[in-house]
Each structure stands twice: as C-alpha cells, then as structure tokens.
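Enquirer: Below are the chains, spelled out letter by letter.
2 protein chains.
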Amino acid sequence: MKKLLIGILSLAAVSAFGAEGMWMPQQIPSLAAELKKAGLKIDANRFADLTGNPMGAVISLGGCSASFVSPHGLVVTNHHCGFGALQFNSTPQRDLITNGFLAKTRDEELPAGPGSRIFVTTNIKDVTARVTGSVAASLSNIDREKAIDRNVKQLVDECEKPGGVRCRVASFFEGAQYLRTTQMEIKDVRLVYAPALGIGDFGGETDNWMWPRHTGDWSYLRAYVGKDGKPADYSKDNVPYHPAHILKVSTVSVNPGDFVLVAGYPGRTFRYRTAAEVANMQSYSYPSTIKYATDLNNILRDLGKADKNVEIANASRIKGNDNVLKNYTGTLTGFNNFHIVAQRQKREAALAAYIAAHPQAAKYKDVMNQMNALEQQATAHEQRNTVLGWIVRSSPMLAQSSTIYRLSLERAKTADIDRESGFQQRDWPRITEGVTRAQKGIEPNSDRAGLRYFLNESQKLPSGQRIAPVDEAITKAGGVEPFLDQLYANTKIGDLAQRKAMQDETTAQLAARNDAMINLAAAISPLSLDNESQQKEIGGAMSRIRPMYMEALRTSSGGRLYPDANGTLRITFGQVQGYTPRDGVVYTPLTTIGGIMAKNTGSGEFDAPKAELDAIRTNKTAGYIDAHLGAVPVNFLSTVDTTGGNSGSPTLNAKGELCGLLFDGTYESLGSDFVVDPDITRSIHVDAVYMLWVMDAVDGAHNLLREMNVPVHFGNGASASTGR
Amino acid sequence: MKKLLIGILSLAAVSAFGAEGMWMPQQIPSLAAELKKAGLKIDANRFADLTGNPMGAVISLGGCSASFVSPHGLVVTNHHCGFGALQFNSTPQRDLITNGFLAKTRDEELPAGPGSRIFVTTNIKDVTARVTGSVAASLSNIDREKAIDRNVKQLVDECEKPGGVRCRVASFFEGAQYLRTTQMEIKDVRLVYAPALGIGDFGGETDNWMWPRHTGDWSYLRAYVGKDGKPADYSKDNVPYHPAHILKVSTVSVNPGDFVLVAGYPGRTFRYRTAAEVANMQSYSYPSTIKYATDLNNILRDLGKADKNVEIANASRIKGNDNVLKNYTGTLTGFNNFHIVAQRQKREAALAAYIAAHPQAAKYKDVMNQMNALEQQATAHEQRNTVLGWIVRSSPMLAQSSTIYRLSLERAKTADIDRESGFQQRDWPRITEGVTRAQKGIEPNSDRAGLRYFLNESQKLPSGQRIAPVDEAITKAGGVEPFLDQLYANTKIGDLAQRKAMQDETTAQLAARNDAMINLAAAISPLSLDNESQQKEIGGAMSRIRPMYMEALRTSSGGRLYPDANGTLRITFGQVQGYTPRDGVVYTPLTTIGGIMAKNTGSGEFDAPKAELDAIRTNKTAGYIDAHLGAVPVNFLSTVDTTGGNSGSPTLNAKGELCGLLFDGTYESLGSDFVVDPDITRSIHVDAVYMLWVMDAVDGAHNLLREMNVPVHFGNGASASTGR
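One line per chain: the protein sequences are U and Y, in this order. If you're matching positions, the first sequence starts at 25 in my numbering and goes up one per residue. If you're matching positions, the second sequence starts at 25 in my numbering and goes up one per residue.
Since the hints were made in silico from the structure, they are not lab data. Check each hint, because a few of them may be wrong.
Beta-carbon label-pair distances, calculated as ranges [to be verified]:
| hint | chain 1 | residue 1 | chain 2 | residue 2 | range |
| --- | --- | --- | --- | --- | --- |
| 1 | Y | 307 | U | 361 | 38 to 48 Å |
| 2 | U | 380 | Y | 118 | 50 to 60 Å |
| 3 | Y | 499 | U | 118 | 53 to 63 Å |
As a list, the in silico DSS-like pairs of lysine-lysine whose alpha-carbon atoms are at most 30 Å apart [as the list claims (entries may be wrong)]:
| hint | chain 1 | residue 1 | chain 2 | residue 2 |
| --- | --- | --- | --- | --- |
| 4 | U | 644 | Y | 370 |
| 5 | U | 350 | Y | 623 |
| 6 | U | 623 | Y | 315 |
| 7 | Y | 315 | U | 329 |
| 8 | U | 634 | Y | 370 |
Sample of chain U residues at the chain Y side, in silico, Cβ under 10 Å [claimed, not checked]:
| hint | residue |
| --- | --- |
| 9 | 233 |
| 10 | 237 |
| 11 | 349 |
| 12 | 604 |
| 13 | 606 |
| 14 | 607 |
| 15 | 608 |
| 16 | 609 |
| 17 | 610 |
| 18 | 623 |
All of these numbers come straight from a predicted model, not from anything done at the bench. Every residue, glycine too, gets a C-beta built ideally from N, C-alpha and C.
For reference, chain U alone in the conformation it holds in the complex:
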C-alpha cells in the first residue's frame, strides 16, 4: 500500500505545548523536534505512516485500543477490554471471569463472542470538500444536516464497496475538517489468555481510577482471517492473521523521566466546548447520570447476590456503570478543582476582547451568542430525554425491542442512503450479532427491576418534561406494577430464536405479533424520532457556527492545535512522572509487586491468586527486577494525554518498543476531558515487565512468551493462576 502522507495542518495553537495533545498521526512530523527533545530515539516521521512500523501494529477493537505483538496475529489489550470475551465464555461451572483463561494451543482458543472485531486503520483521507464544499449556504439547518449526512454516507459507501473494510467520515475541529478513515475489519477474534480477576482487575472498583495502582490489566486475543488472508466470519478453517508489522515487547521497565508515547483511539474530549455547555454538564448531565447509574447498579447488585447466573448476566452492565460512575464523580470534582467553567468563561471573554479589538474579526462577533442560544434549545427537554434514555438503557429487553423496531422502519426505506446511520445495510450484520450477544445479559427479573425504577422516575417528571407515551401506557395499565406485569407476561423478546425472527420482520409483522415490549418500543418511537429530528436541526445550525468558533480561537491565538478526540487514531507523548495529589503527599511513578502483598486481603477486590502471592513470597522474580526500584514493577504513571477509548493502547518507549499498556487515568485527572493540568493530569499504564513476569512466573503462559520472542525464565513446573 502506498505510504500515507497527509498535508500537515497549519493551525494555530490554543494550548501550551507539552504532554497535552491527542495528535493526529499526520501532525506528528511537524512535532519531530519536540519529540526528539522529549527523548524519542526513532524517526518521528514513522508515526505518520499508518501501514509502517510501529503504527501498522496499532489497532482498534471498537471502544478499546490494542496492538499486534506476534506475526501470528496475537493481540494484546486490556483485561477490561477482553472482559466481554471472558463473560461470553463463562458459565457458573466454568467461571473464566474469576479464574482467567489460558489457551495452551491454538485449538484451545475460544471465540471472543459475536460482534468482537479488530480494526486496522489503513488510510486517512481529507474529504472536507466533498462533505461540506457542495452544501449550499442557503439550505435550512435541518436540510443542511441532511445534506452533510448524505455526503458522508456516500463517501462511506464508496469506500466500503471493495469489501473487507469499514470506513468512517469523522468531523475534526468541530466540523472544520472531515477525514475519512479506512479500516480493515477482522471478524474472527478469539480469546487467547487473560489472567485471573485477582490480577486483571486487582483492586476492582476501589482502585479504579486510583493511584497507587497494582492492576494487571491485560488480555490477549488473536485475529483470524480466511485462508485467502482476507477478513472472514468465524470458521474452524480460518487461519491466524499475519500483520505486516508487530510491536516488539520491551523486557526492560521504564524509569522516572523516561520518554513514552501512546498510540490509540481516544473516544471523546470536550476541550473546545463552551462555558454554557460545560456548565450544563456540571449542573445537570453529570449529576443525573451519577444518580441513575448508582441506583441502577444498587438494584442489579442486590439481585446478583442470591444467584450466580444473575450475577454473571449483569456483570458487564454493572462494570460499565461503575466505570462511568467513578469517571463522572471524579470529573465533577475536576469541574470544581480546575474551575473549568470559569476557565471557559475566561477564554470566551478573551475571545470577545480580541474580536472587539480587531475589525477583521468582526465576523465572529455573534458566534458565542448563537452557540449559547443553540445550547439552550438543545437542553430544553433534557430531563425528559435523560429519563427516556435510561428507560431504554435500563432494560436490555426494551433496548433490543427498540433496535428491532427501528430496524424495521429503516429497512422499509428503498434507498440505503436514506436509512439512518447505524441502520444501513452495512450495519445489519452487526445488529444481528448484537441480537445474539445481548442474550448473555438478558435476565427478565433484573430487566424488570431496572425498568421499574426508571418508570417510577418518569412519573416524577415535572410538566413540560413528561414522556407522553410512557405516561399513557402506565395510565392505561393502571400503574407501573400492572404495566410491568403485562409487559413481561406478553413478550417473547427475551427468547433468542424469537428475537432473531423479529429482527427480519417488517413493522407490520412486528405489530401483528402484539408483543408487549415491541409495542412499548413502537409507542416510544415517534418521540425518539422527533428528538432526533430536533437534534439534526440543531446539528445543522452548529455545523455552521462551530467551525467559525474554532477559526476565531485559532485566529486569536498562536501555535498548533489538536482536534478533540473523536474515536480516531491519535498519538500522545510525555514522560514517566509522578505528581503531588495534595499538600504533603507525593505519588511516585512506579508501583511494585510488594504493593500487591500489602493490599491483598484474600477476598473481594483485593484477592491476588495464590500462585502470584507464592511467587512474590518466594522471590520467584529473577530476570524481572528493575534496577532502579529493586523490585518487579507493576504499574506506572505518565504525563500522556488520554481518555476513554485509549484503554489497551500500546505504550511505546523511546525505541518504539511496547513498554506498557495504557489502561486508566488518575482520579485527579478526571477533569482532563475538559482541561489538562500538566502538574496533575496523569495516565496509568501496566508495565510490560509485570505482564511478562506474571505470564512467566505465575500463569505459565510460556507458549505466548515464546511466540512474542521474549525470554522465558520459569519455563519448567510453573503453577498457573488461570484455569482453576
């Protein structure tokens, strides 16, 4: 494939140079001098070549990042990114979540579950002209949004036509630029190895987002393709994928001050959101999500206490909610600690002063007012829409019904391009997989308990925020409880075969079933569609104004600018560094296995496997001791700029070797989706040396070590924490 060299962006910076910045790969050559100064020993230009080394080895799992570490398609990512595969393969009798898993041979590798994907970015192309260049300024806002949407779909369709790839057109710099990414889509993904939960999630929710940390947050997958080397659905006959490039795993721990670079797929940041938008997040969105996720998790946890099957069914949802909870709670603290709204107000005041002082900037004069007016419009029904969202989210059965019902509406459209994104032909196979995958999380009693809570919440909404179709349904049934009785007594949506059948039916066929859950989804549908339409209206207006806002920010300041995270491939670099979380306390940047012993309680969240504790107690550590620490390292802190989606990203050292896996940020960093504070913002990585040590001395994953071409020190007679 041809070498990818996209025109370097020449945007002015609003942020000081440093560890802040989720840079687009094509921006990296312009940062070569800074990277060299920071300690990078290899040619910075290599990071712009997506099909070369090392970037050709950096992959997305959709929601997580990962990398190839062997020529046979072996992939390393976080434990929490492989969690779904562990859940999919777990039963009360064979609890892989708790005990971990190790395939000693390829035959023992397990399907990672429907919908598991590996995406390899192969091309990034600027398509701005084709997305917005042809859109007439005279169009109404909603028509403008629809025109942009149509152009985007067209670009995706063209790109995917050859097959074997997924394409996406993403907005950068708030709509100022559109880039199309092409990703090879590997569909046969298998679970190879994950340590026991007491390593992979050591510290659990208590330690999540926390430092000091001692979590072995890794798991291994393998990419399989057809015998022709092309992506194919799961088949016994598939063969391991042979990536063009792999990352060499470092056997040497990082030290304080060392250069590190992270390449991965950060999901979303809000660095360019306005003061009004941030203020609404602080006062409503975050607090309401915290309340609802807390209450839902309490309900699900209680139900799981008595029944292991229920516990397993709800595990993934609970884990997801917990993660959101700690993130949101910390971010709320960050809103206060970093005075984020005040910082934005200051930025906007400075911008206003600049505009007032520069006649040529007069065109930006009304930008802030327009954006603020749109923000008011967008949040006018937020209470109603928040509760409605949770009603669907709290019930996997209703969520499935809604998806299937919507699919029937979209499928009825004749032209694929008219179908809503997410429901086009290209999306149907993923929807099908989702229908199957959902079965693991469907547990009617938990479903009903969660839905009950949010239906009751809907009854507390003030007038002007009521959810009319829900009100009507409840009134008709004579209350929440009778409504739930009817709902769960008269639905087949929980039955996988029935659900699969429904998925292919027309709206009329679905209606003819008179299935209570489908009926509820149908009743809610018009309101959802109306909300979507309003969002498009606002989106169209925003797509005119936000690029102007970015332009104004760029014009009013100097230096480079990086775009907000949007799920596309990015590079961030910095150094291994601790921080001072508060007066009188210093967090040092590396933890050691001694800390595992100190934290281990032998149960609950701090329950390291006996094999690991034995290895620590008996100093079975030769070959893994870091000279600086005098101990085996576990996790380390760095100044790199990351967010959700970066999980599993390879952390590279100055030589471009994998020296760790990014897996978390610190609690004090949690405002960093909005503002980066170089003194405080830190990312957390698992040290590659810890991973190798556990694989060697604890789990006996010697087959994988050999496959990765790293030395095995304890090849004989090692006991394993996995597969108990």
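Place chain Y on chain U using the hints.
Expert: Quick look at chain Y alone, frame taken from chain U:
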C-alpha cells in the same frame, strides 16, 4: 535548688540506637555523642538538669505535656489538652469550643475548671532500695504487693509533707527500679487563648492520627500562684507564676532532616510485654474496646443531634472515645503489619536459646513460663471485668456513685497509709474537684442510654463470666428497662449539691439515703474489691518475675535500654522526616496553608474560620514564609518516639528553642506502643511558625506574641477568628 544529677543507668540495650527511645532525663548525658552527631547544638548535659534550661520549662498537665513560654507563667499546650477548659467555659450561648477564645487582658482570662493542674517536675530520686529492698522474699504474693504499696505510700507521704508538691513513686524497667518524682502542683490554671475549632481541631476525627495534617493544635493557659509565690487554690488575688526558665519560641520553621527533640510525659508503652500478653490484647482487649466505644459513641452522637445542651455535655466523652477508637483500630492494624506477636515470640525464642546456651543464665529458665501462667490468671475473667468496667464508664452518674461509695469505705480506715491509692487524704481535694467537674458531663438521658446498652451486654455474657450483682439487680427489677426506670427515678446523684453532700458521708449515711445509684455502686463494690485483690496477688507475683525478665533481656543482649513509658518525664530525639506509607506514595514531612484551602469544605470537620481563609487568599503571610517550602508551614513529621501523654510536649530544635508542639502520631505508627519501625514510625507536630502566624495574622493575639517576645507583623486591624 540543687542541680539534679542522678546516677547514669548502665543497662544493656535491646533496641538499636536511633529515634527509638523514651529516655529518662538522667540517661541523656550518656547519649551526648549521639545527640551531637544527630545535630544538637547545645550541651546534652543540660537535659539532665530538671530545674535548669530547658527542662525547667517543661511541665505536665496530668495526661498532657506543656511548657512555659513567658516569664509570666504563660503555658502553651495542645488545643485538645485545653479542650476541657473550653468545654468548662462554654454554654450554648457562648460556644468557646466552636469559636475559640482570646483574653486580651489578664482580667479576661477564665478559670480552666476544677482539677486543672500544672505540674513542674523538680526532683527525681532513686528509691528502689526503700521500695523493694526491705520486702522479705518469703512473703506471699499479695502480702508482697501490699508491702511494696505501703513503702510507696510512705515515700510519697514523706515527700509531700512540706506541702505544695505532688510526689509519685513510679516503677521503671518493669519493677527493676523505682524512682520518686517530686512535682510542684499549681492549682490555679486559667484559659488564655485557643483558636477556633476550625483551626485547633481542623480535620476533626477524619484527620485524627492522619497525615497529611493541617491542625492548629495549640492552646494557651496561665499558671497562677498565691502572692507568696506558692501554689494556691483559685483566687482573684492570685498572681501569675514566674517560672525560673521558659522556652524561647522559634520564628523559623524546621526543614527536612533537621534535628528535633521532644520533652514530655509519655503515658504508657508495652515494649517489654510478652508475646502472650500482646496476643491477648490483639485478640480480646483491643477488639472489645473498639466495639464498645463505637457503640457508645453512636448512642451519644444520636442523642446530641437534637439538643445543643446534650451535645456539649457529651462532647468531651465522645472526643475521648473517638481518639481511643482510632488509636486502637490503627494499633490492631499495626499488630498485623508489624507482626508484633511474632516479633515477641522471636524475642522470647532468642532469649530461651540464650538461656539454654549459658549456664549462668539458668536462673531465668522458668521466667517465661511463670509470666505466661500469670497472664492466664489475669485474663481468666476478662469478659466479665471488661463489661463491668464499661457499665461504670458508660454512666457518669454511676461512676460518681462508685467513687463516692469507695471514698466512704476508704475514709473509714484510720491510718491514711491503709487507704487505697487514689483515695488517700492527698487525693481528697482532687476527688472533690472531680465531683464538681463531672457536672458538665452529666445528662441523665445520655447516661441512661449508655448504661442501658452495657446492661444489655452484661445479659449476653456466658456463664462463668456473669456479673452476679448486676444480674441480681436486673432480675429483681424484672428486666433492664424497669431496672433503669427505678435507677433514674430514685437517685439524686445528678444533683451537684446533693452529690457534694454525699461525698462527705459515711458508708452508713450513704446507705441510709437509699439512693438507687449509690445502691448499685454498693452492690458492685464487693466484686470490684475482689478483682482488685486478685490483681494485687498477680501484681505481687509479677513484681518478682518481671524484673528477672528484664534482667534476662538485658543480659542476653548489649547496649543501652530505655524503660517503658510510665507517665514520667522523658526525652526523645530524631529528625524531621517523611515516610513511605505504602507502595507508590511518599509523605513529605511538611504541610502548608495551601493544604488548608484544599481541604476546607466550609462545614463540619473541615471548616477553617473565614479570617484564616481570607488571610490565606490575600497572602497575608509576610514574615512567616518558609524559604524551603515557599509557603507558611502548618504541621511537620519527625522520627521522635512518642505516645499518648506526650500531647502538648514542646518540640525543640537544635538550639533548644520551641519549634513546634507534638500533638499526634501517624496512623501507620499506631503499633509503636509495642514496636518501633524506624522506616514508618512518625510523630506529628504543629509548626511554631504556623502558630505564630495564626496568632498574628488571623486571631490578633498580639498581646501574647509581645509577651513571648516574638515579632508582630500584623499588629493593626487584624480580624480575629476567635470570639465570634
């Protein structure tokens, strides 16, 4: 007065030299070389001279330590040591506890409350020969104990005969040595100044025992004497006491690595207790105290929520229990972390090996067995006696009744020397003061609620551990609740005038009152006396064996030995130093006022006064900035070896100036009453510079700063946090 030079002890050490050691002042000259090496700039011999400088300025408050800081008897100690005086002078209308207090003139100074004392140690004399030298080896254990007790009382009586002094004969090295201390007893103590609770107890229970810390734990008292310069009861005509020596207060903050020395009155340590004794503390004494103190405090806290008067009445008890709770909880952790029982077992095994290998040590052969047998005997009824103790402790009214009843028994004895320690003539005035002082804490509803809980606990005791008199009383009344009804309906013990009258009555007169509380005290009395007798029996046996055990330990090892803390004047030295509480975390040794801002929540335990927050916000700090920190220091850590009773101790710098006040230990140090770990064990001090800054910039205590001869930087227009 003559210079005090007691023969230097030449005991072998069982501990490595370092910051460990609560040294007797007379041992200090033998440590001169080490002190110099550690950084002391003044002559070490000065610390053996109790009437010279600086030791002449170091005083005891009975339970706390303190020091003179002006020629006019001004005393500085901890806020929590002056808390009783604040409580005594507080009313719901004038809440000195919350708002603090500052006497701008001597006329405004307030009596610190009955029983407040200042003790100035003037002499320490070795009286071992007179205590145990004449006791015949043939005596029974109980007679031996009685003989020792009689000798001690005789020595005290002789010593106190001239008047104006309190004397005490204390056992050192587990009874191997007896020293008699003579203390001038100043009885007119007045409250001069305490900062607001939001400074003096900033952080409250949450931060208690914790680092990093930001507590302004100081208060000021003044010693008054009669016009003749001799101790006298409170009188308006009394005049300030003029101490022969005072401590100069340093205006320069300490820095990491600086030499520091603490002189004070540590209460009790268990460094020489056996493995069996420590194991029983770990398995029973500590857990049971934690349970009971927790439950009692929950009861008292609930009752205080609705009524400010109730809250004030119980404040001191709750605070005391909370302090015990955190201490005991941390110590329990320390038992595990430091493997204290295992360490003792190791020490005892080493001793056994030594004895087996050395024929001349054969006499020690049975020492451990004998001590272990006595320990078993001593704990045979520990459940019964623990609950009995809490029954009395939970009810201030029953505690007063018990004291008054016992006093009537002891007063009946003709010879004062036959009276039990604590009930001799010399103790009567203090008992009288206690009877008055108790009134502040008597609140019948709280009293009943606490007593109810422990009476119910007594009903759960297993057979063999039952409290017969309590069982009988409850059975007779027909249950706990009817018993309580009768108890509180038929007692006048809560009435101060009645209680004062009771205090002077004979046992027969008390019985004739038919007061229900007195009757309960009388019913419990025989069991208490029997317990005392058994303790004496065991004490007599132990007094033969423990000195042999110490001798064996001394013989089997080399170097200096310091005695366990016993409430007598001690000196400990070390340096300003942080520590690593856990993997990945370093605690730096100084905190700053910036940390107050960060912790302040504006309510509850973290509620710094507005005047302080304003002073921090407006950088009203000139003259108090530490160059090393670039900020005003607040608290610091050091390696000195301290325990309860050391609170309020002056911390001296290398020049012998007061550079801080010892007020706490860290949570991780809490096993240090048993074992000192030089890497972990730390004491917490308030920096003198913080105290001076608050007095100057926040509280406007300029009169006191001038009295202490330190510069005033903010003499005009300073607002005050106190007296709101």
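Enquirer: With reference to the structure, classify each hint as holding or not holding.
Expert: Hints and how they fare:
A C-beta distance of roughly 44 Å is found between residue 307(Y) and residue 361(U), which places it inside the suggested range of 38 to 48 Å. A C-beta distance of roughly 56 Å is found between residue 380(U) and residue 118(Y), which places it inside the suggested range of 50 to 60 Å. For the hinted restraint 53 to 63 Å between residue 499(Y) and residue 118(U), the CB-CB distance of approximately 59 Å keeps it satisfied. Taken as a hint, the residue 644(U) and residue 370(Y) pair is honoured in the structure, with Cα atoms around 26 Å apart against an allowance of 30 Å.
Note on residue 350(U) and residue 623(Y): the hinted pairing holds, with a Cα-Cα distance of about 20 Å set against a maximum of 30 Å. For the hint linking residue 623(U) to residue 315(Y), the alpha-carbon distance of about 24 Å falls within 30 Å, and the restraint holds. About 28 Å separates the Cα atoms of residue 315(Y) and residue 329(U), which keeps this hinted pair within 30 Å; it holds. For the hint linking residue 634(U) to residue 370(Y), the alpha-carbon distance of about 27 Å falls within 30 Å, and the restraint holds.
Checking residue 233(U) against chain Y by beta carbon gives a least distance of about 14 Å; that is not within 10 Å, so the hint is violated. The interface hint given for residue 237(U) holds, since its Cβ lies 7 Å from the closest Cβ of chain Y, which is under the 10 Å cut-off. For residue 349(U), the interface hint is violated, since its Cβ never comes within 10 Å of a Cβ in chain Y; the closest pair sits about 21 Å apart. Restraint check, residue 604(U) versus chain Y: the minimum CB separation of about 8 Å is within 10 Å; hint holds.
The closest approach between the C-beta of residue 606(U) and any C-beta of chain Y is roughly 6 Å, which is under the 10 Å cut-off, so the hint is satisfied. A hinted interface residue such as residue 607(U) counts as satisfied when its beta carbon comes closer than 10 Å to some beta carbon of chain Y; here the least separation is about 3 Å, so the hint holds. Because the beta carbon of residue 608(U) sits about 3 Å from the nearest beta carbon in chain Y, less than 10 Å, this interface hint is met. The criterion of a C-beta within 10 Å of any C-beta in chain Y is met by residue 609(U), whose closest approach is roughly 6 Å, and the hint holds.
With a least beta-carbon distance of about 4 Å to chain Y, the hint placing residue 610(U) at the interface is held under the 10 Å criterion. For residue 623(U), the shortest C-beta to C-beta distance to chain Y is roughly 8 Å, which falls under 10 Å, so the interface hint holds.
When held up to the earlier numbered hints, the structure conflicts with 9, 11 and fits the remainder.
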